[in-house]
Structures are given as C-alpha cells and as structure tokens.
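Colleague: Using the supplied hints, reconstruct the complex from the two chains, each of which is provided in its own coordinate frame.
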Amino acid sequence: MTGAPEPTPVHPPGTDHFRIGVDGRHIPAEAGQTVGAAMLAAGIRSWRTTRFAAKPRGLFCGIGVCFDCLVTVNGTPSLRACLVDARPDDEVSTT
Amino acid sequence: MIHDLVVVGAGPAGLTAAVTAAGFGLRVAVLDAGSRAGGQYHRHRAGRPPAWPPLARLHTVEHLAEHRVWAVERVADGFAVHAVAGEREGTPVTVTGRRLLLATGAYDRQLPFPGWDLPGVLTAGGAQALIKGNGVAPGRRAVVAGTGPFLLPVAVALADAGVEVSAVLEASRPTPRAAALAPHSPARVVEAAGYAVALARRRIPYRTGRAVIAAHGDHTGLTSVTVARLDADWRPRPGTADELDCDTLAVGYGFTPQLELAEQLGCATTPDGFVAVDARQATDIPGLSAAGESTGIGGVHLAAAEGESAGYAIAGRTPPRALLRRRAALTRFAAGLRALYPVRPGWLSWSDPDTLVCRCEEVPRGRIEDAARLGADDVRSVKLLTRAGMGWCQGRMCAEATACVLSDVLDRPIAAPPPTRPIGVPIRLGDLAQGAS
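As you go down the protein sequences, you meet chains A and B in turn.
Heads up: the first sequence at position 75 corresponds to 115 in the numbering used here, and the numbers run straight through without jumps.
Heads up: the second sequence at position 268 corresponds to 1159 in the numbering used here, and the numbers run straight through without jumps.
Just chain B, with the same shape it has in the complex (with noise of 0.2 Å):
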C-alpha cells in the first residue's frame, strides 16, 4: 500500500504534521526511533503519556514506533523509506508514500573538554531523557553547563528529580540585549521568566559568562568540574577558575540538526547548514517536506508551528492566515534567541593536546593539529588521517569540534561537512542482508 504521506519523526513537527493532514483524510505513516511517540519534548514515561493533543489523536496515523531510517529514495510515485524496526531484532522494513515530510530534529551540540568523556558527564538532552523518558535521576549532585535557553528546564528537572543542582552556567552573557526580543513573542518571554522565578524558588544560581573548562574523576567516573570566568571570547579569565564536586554534568552548546535523510535526497540547504524550506515547509523537491529543528533550532512551539503548516500544505489546504502569523513570529523570535548564544572560539583553550576530540575512536586534539600540519585541510582528510570519525557515531560528536580545531591551526574558517552518507544510521549489516534476500 502506498501511503499520501509519509512522515519521518513522531515529535513536535513531525507528529501535528501527521495528524493534520489525517485530519483532512490523507493516509498517513509514520516512522520514529523511540519506543514512544512525542520526540524529545514530549518524551514521556510509559503508559503516561502527556497532555499534548497530538497524542490523543495519533489513533489517526499509522505509528510505526522503533523504526530507525537508515535510507530514503526517490521512487515513480513517491519515496521510499527504508527503514529497521525494533531495537533489538532489526527487521526490515519499506514504507512507501506520495509525499514524505522530513522531521528529524537536532541533538546536543557538544565542545570538547579535558574529562568530557568521563561516565557521569551527560548532554544536557541526555539528562532530561533520562528523567522525562525513564523516572531516573542521573546522579545526587549536578552541574548544568553550556549555553542556550534549554539548560534552564533541564535544571528544573534535575531539581524536580531530587538532584542538588550547584548552578547552571551559561557561557553567554545574554541578559542586555534579550529584552529586544520580547514584543516577537511575549509568551515565550513569559515562559522564560517562569524558569527564571522557577530556579530561584530551588535556590539554584544562573551565572552568566562561566563554563565548565575540565571535568575530574577516577574509575568509577566523575567527581568534580572546574569553573572559570569567560572573557567575551570564551577565554578562561586568569585566577578565576574554581573546583565543584558534582556526580553529574549536563552539558550542552546548542543544537546540530540531523540531516543525514535530507542530504540522501539532496535537498537544498540554507547557509548556516538547515535544510532549506519556504512558508509552507516545501524543499526545493517536489513532494518533500521538512518541519522542526532540522530547518532552524527553534523550540517546541516553532517546531508544532511548522509541522501544522505542513499538514495543511500537504493536504492541499491553505494554512490558515493566524497559523502563518504566528509561525512567522515564532521564526523571528527563534532567529533573534540564536544570535544571543552564540559559540565563541574561545572554548578551544579550555583543551589539551591530550583531550579527545573523537570520544570513538579516541582521537585526541594534538593528533588533529598533527594531521593538519602534515596538510589535511578539510574534515574528510584529517579522518583519513587520524580516524576521528570514523566510528560508531560518524562524526555525529565530534565534526565540527574537529572543523574548528583544524580552523584554529590553519587560521582560516573550515566547515563541517554535510552528514552525505548512504546509510543513515549505523544498523548491523545482518538486517540489511536480511533485507536483500
């Protein structure tokens, strides 16, 4: 059977896609790495699903939970998604759809660190996934780090969990231009004094212009962070560095977008590395949308914004002027939170020699300056050369920490490349056989 639409992704974008466009009588697939639908957001534990009313409507579409995609293609009346389903037993499976509607996310954007790969240092994602998704605390004792307005619910749900949050460290020192922002979208100004009052009622302090520069531990992990005072180039300022215990870092520098489905199709993409969509989330290829985080960090309500446009787009309706309004609004407001955290360069003097850049093949910094003094000047070279990733994650961890430590030592501007693979997600060579025969 061939489906009116396919969608990659049962979170914020990809689930209120789906369940609009079935709202108007498609036929609608949908395919999704977690056990449960709600993406990253509206994670949640089982068999308490949270009061999101996509959920409530997912009786609608076809949910294929467990369904890891590791390729999509062009085919006579649609696309092809190919898909493993289940984590443990990787049986192969092919939906097909007249439309696809790409909604992938983005995950924790990481900076290496001395101690970064030590267990008890988590992203900040991984954190709250942990909590949201499993009713487990990460540890007793924590220290939340990075930058971005995500760190102060994941603080929040740290404290709620019962850990004792020391402080939350933001590198940035946003406050004096944040204001600006506010007549885009009062309601996410308000959202966010609620965490601000939030963190205050749990006596957790929000430092601005600080970072974690090394994480200390023994075998059995964690034990400690050390803390410095960033100048405005993220350079640690002399004599301010500090040691706090702590059995849990979560850490996080923003958000990289997954684009691995996107580049198979070869889809256009937008400077600063999105997929590339117009007002009603249409790719410059026909019948291929995209939705949420992979074409612009946005947030929740954005990402819930675009995938209800594209489910009116999709079904061949007109979204409706209020809808486009106020996505147009959320967009703004989305482009002017980005600008106020933004990485400074700084943070590669936070790193030795010694410290890993690619935690999987365990590929340390000095190797990457080797390799481009022996003349690697892009990513792919310094890979060959020295395997940073090369492993399990393909350079999910470490491409653009890597880009930016070749940069350093080149003295001019290296970009990751685009993630062109043609699988992908890492899945075991035995379910593909199984699939061919």
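So here's chain A without its partners, still in its complex pose (with noise of 0.2 Å):
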C-alpha cells in the first residue's frame, strides 16, 4: 500500500464511527461505507501489485464491476473493497 494526496472526507464525523485494521496499520471507517472508501479517505489509493508486471493498483470502476480493487477481509480473500462494507474490528490484509 503506498500513501497519497490526503482527500478530503466530505461529511463532517456523525456517529457510527469506528476503525478497522489494513495491514497492521489502523484507520477510521463510519457504518455504511466500504472498506475501499476507508483506505482512500486514509490516503491510501492502491493496495494490490500485478501478477506479471507489479504495477500498483487500487479502485477504478468503483461499483464492483472491475475487480480490481481485490482484498482480503479478516482472512476471506477476492473480496471487491468498493462493495463490503466495513465492519469494526475488521482486519484488512493487502498484497
């Protein structure tokens, strides 16, 4: 995973808010929103390498029609980032 221009969360914090684990590291995530949204919004843009090449690759399609925002979620793996919501506790794992 490698850092990025920080984005700007949009919505001031509601309630709901919780954090989830990526990699060790721990980042904020509210109810309702997708584990790819939570790493974004921590500055974090991609999170997988190719197979042949290793390039870096993060959210693109962001509606699940892509897949290639693919990561692994408390040891489930292949799961879409933009589609599962996150969950407190949550472990994220990247590759």
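These aren't lab readings, by the way, just hints derived from the structure by calculation.
Each hint should be verified, as a subset may be incorrect.
Below, a sample of chain A positions facing chain B; criterion: calculated Cβ distance under 10 Å [unchecked claim]: (1) T74; (2) D108; (3) S118; (4) T135.
Ideal placement from N, C-alpha and C gives every residue a C-beta, glycine not left out.
Modeller: Below you can see the structure in the form of structure tokens.
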C-alpha cells in the first residue's frame, strides 16, 4: 500500500465511527462506508500489485465491475473493496 | 413461496416498477447487489436516503440487498433467480416469480490510453459512487474527461466534495446541434443549463473537443495527465498537447449495458446491443420484462418512466396515456442526445503497443494486434490467444476496446460479442458448491 495526497472527507464526522485494521495499521471508518472508501479516505490509494508487471492497483470502477480493488478481509480473500461495507475491527490485508 | 414478480436491480427503473406493481397488490421481490436500494443514481450514505418516492415505499416489496444474481432460468410456472447473498459470506439463495423484470443498468465505458491503469484514475461513475455512497472525496485535484452529459454532475459532485476540478474535457463538440433537441424535453434542457451554471459558479472550465490522451504517475499512482485538442475523428491535433497536474482523473465514454442475465434467457436484443422491449417494456420472452439503461441509455427520468410503465403492464393495467407520452418523449430525447456524443475511432491513436487493453490479464495492445495478424478475427479468438478478457472482470472492461483494436488491424468492423455467460457475475466456487449440497 502506498500513500496519496490526503483526500478530504466530504461530511463532518457523525456517529457510528470505528476503526479497521489495514496491514496492521488502524484507520477510521464509518458504518455504511466500504472498506475501499475508508482506505482511500485514509490516504491509501493502491493496495494490490499485478501478477505480471507488479503494477499498483486500487479502486477503478468503484461499483463492483472491474475487480481491480480486491482485498482479503478477516482471512476471506478476493473481496471487492468497493462493495464490502466496513465493520468494526475488520482486519484488511493487501498483497 | 412464488412471487408474482421478481425484479433484478433496485435502481430508478427496477424499484419504480416494483413499487408500482406492489401498489396493485402484487407480491414483489427485488434483488439488488448494493447494500442500500437506489442504484447508481440514488446511491446514498447509510441512514441518509434521498427524497425519492419509491424509496419511501420500499416496505411494500421484499427488498433483498447484497444479493448478487448470477443466473436466471425459466421454470414451470415462471422464473428462478439464483443469487449469492452477502458480500462476504456468500449464502446461496433462489427466488422464484411468475414474472421477471430485469433492470440491471449499465456501467461506464472505457477507452484505453497510456496510464489508464494507474491508481487515481477512476471511472466517472466510480468517483461519483465514492462521494454519494461513502462521503469520501477521491483526491485533492481532479480532471474529468470523456464524453456525454454524465461528466457534468460528476464534476459538480467532485467540486462540492472539496476537490479542485481543473477542467471538464468533453471529447465531442456537441453544442451546434444540441438546440434541436429542446422541443422533445424542455425539462432536460433546463437541467443541462443548470449544470452549465453550476460549473461556471465553481469556476470549472468546460472544454469540448479535448481529451486526456495519457496519464502519468509514480509508484503511488497518478500525478498528471496529458490533454490534447482532438480533430473530428478524435485524433490529437499536433502541437496541442498540454500537461495538467492532478491526483484524480474521473473518466467515462458513455455506458455499457449489463446484459448477462438477459442473454442467459436468450431474449432478443437491438442492433446497437440493448435488450429489445415494446412500449410496455415486455421482451420477446413471455413473462420477461426489462427496463432502464439495459434497454437503452437514457438517464434517470427515462428509466423511472420505463419502470412505471412496466409496473402497470405487469400488474395487467394499462399505463396512463400521459405516462406513455412522457416515456416516448424521453426516449426520443435520449436517442438524440446519444447521437451528439458518438465515440470516434481516432481514440485508438492515443495508445501505443505497450498500453494495456485488458487490465486483469495485463494484455497490451501490441499482443492483440499480433493475435490479429496471426489470424484471430473475432474477440473470442483473441481471448484464446492472448488471455484478453479472460480475467476477473470477464471482459467487461476490455471487450469493446479489443474489438476496436481488432477492427483497426483487420480494417473491417468487428463487434464485441454479447456477454453469454452461464455464471452472470464472478462468484466463488465454494458458494456454488454450498448451494449444490
């Protein structure tokens, strides 16, 4: 995973805030927010490297079509970060 | 229990159809992949539903959220719809209905260019989904590029989320003929004017006849894009290239309909590749209807009008004449609008042999051209020779572009094949096995 120019949260923080782990690092997330959105909000914009050229990938289509954003959540592999809603204490691991 | 109607897709078309039919007493189930009803247009954050009347009537139907439908089949008394429930757990579910309505929508069409695989390059729909559904802005400084009226609300949403939008680059030059559309749908023209005002107020330049022809970055992702003026065929005009710094590019060249489920049932399609329906949204298969973007790209108002017409017809009622007139006017407007934003073949000159066409299997354009020279003369043969389209997305991102590259080499029109897949969306084999046991 690599850093990015810190994006801005659109709305002020409300309730239902919690943390999730990403490769051992803790980042904030909100109820109803996807794992991918929480990662992007934390400045993480790439979290996978491709098989052949080892190129960085993160979100692309954002609606579950392209499968670029795959992550492992709590040991379950190949989940689309753009679709999986974050839950408290989720552990996300990237490759 | 068998439902009177099963709807796939809880967007503007599907949910409008569902609550309309439920209003006439039908038992309706709506399966949708999203965790909240609304589809792409009415996508919203948890606990903040927009004021869209069908959402307020969601309790009148059985809404099955996070249900990915992977197969539909005809059974004795109607249709069986097979889904996997839950993004994580993947529980197999089968829902049956006497009638079936497919409202599966569409996703952004992409044209490959150097660097389009860099993190920070997002589809226009994806950028909007991040903001609408998650309250997260994708970056600090963005360029919006592509073709079609959808670029305007995306740029406004980015700006309102605090992103500095350097420019909206519309590859077409739609203005001269746009006025001719006004009589068909004055409300839509007012809407377009509203976006023009919104862009001006936010000081976002709207430039036509221009495109992002390359994206540049480092190991962290996108850092800048090359912008050029285009000729009428979308070839860059020499000497017009310019570089813009940005960390986000939101890009989309129109939309591709999601046809997998319609293809599984073998229903007729139009010459331009959409589900063929009549004025009451019926397909050529008895009991099967379709509505929304999968029957033709027309936007939220047309999708809702189609959904409402379908709801009446499925309940055995005659849609009100005013509704059918509105639907017809919106259909004409949509056709006229689509004609203003055609994708022109010169986009192929933006890429080089190393530019990826298939993102999943990392197949560059040069390998597809080699396959064509080896004798591959359709998209399927290219897939077998190069693996383009064989990855996770099943060719959704690259099949059209692959067909265009092939056409270019062979110098004759090659169409992307219809998406015939026994499994409509990628699901884990374990989930299927669980269903069989």
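Colleague: Against chain B, is S118(A) within 10 Å by beta-carbon distance?
Modeller: holds, 7 Å
Colleague: Is the interface hint satisfied for T74(A)? The criterion is a beta-carbon contact with chain B at less than 10 Å.
Modeller: With Cβ-Cβ at 6 Å, under 10 Å, it holds.
Colleague: Classify the hint on D108(A) as holds or violated, based on whether any CB of chain B lies nearer than 10 Å to its CB.
Modeller: holds, 6 Å
Colleague: Take the shortest C-beta to C-beta distance between T135(A) and chain B; is it under 10 Å?
Modeller: violated, 14 Å
Of the numbered hints stated above, the single one contradicted by the structure is hint 4.
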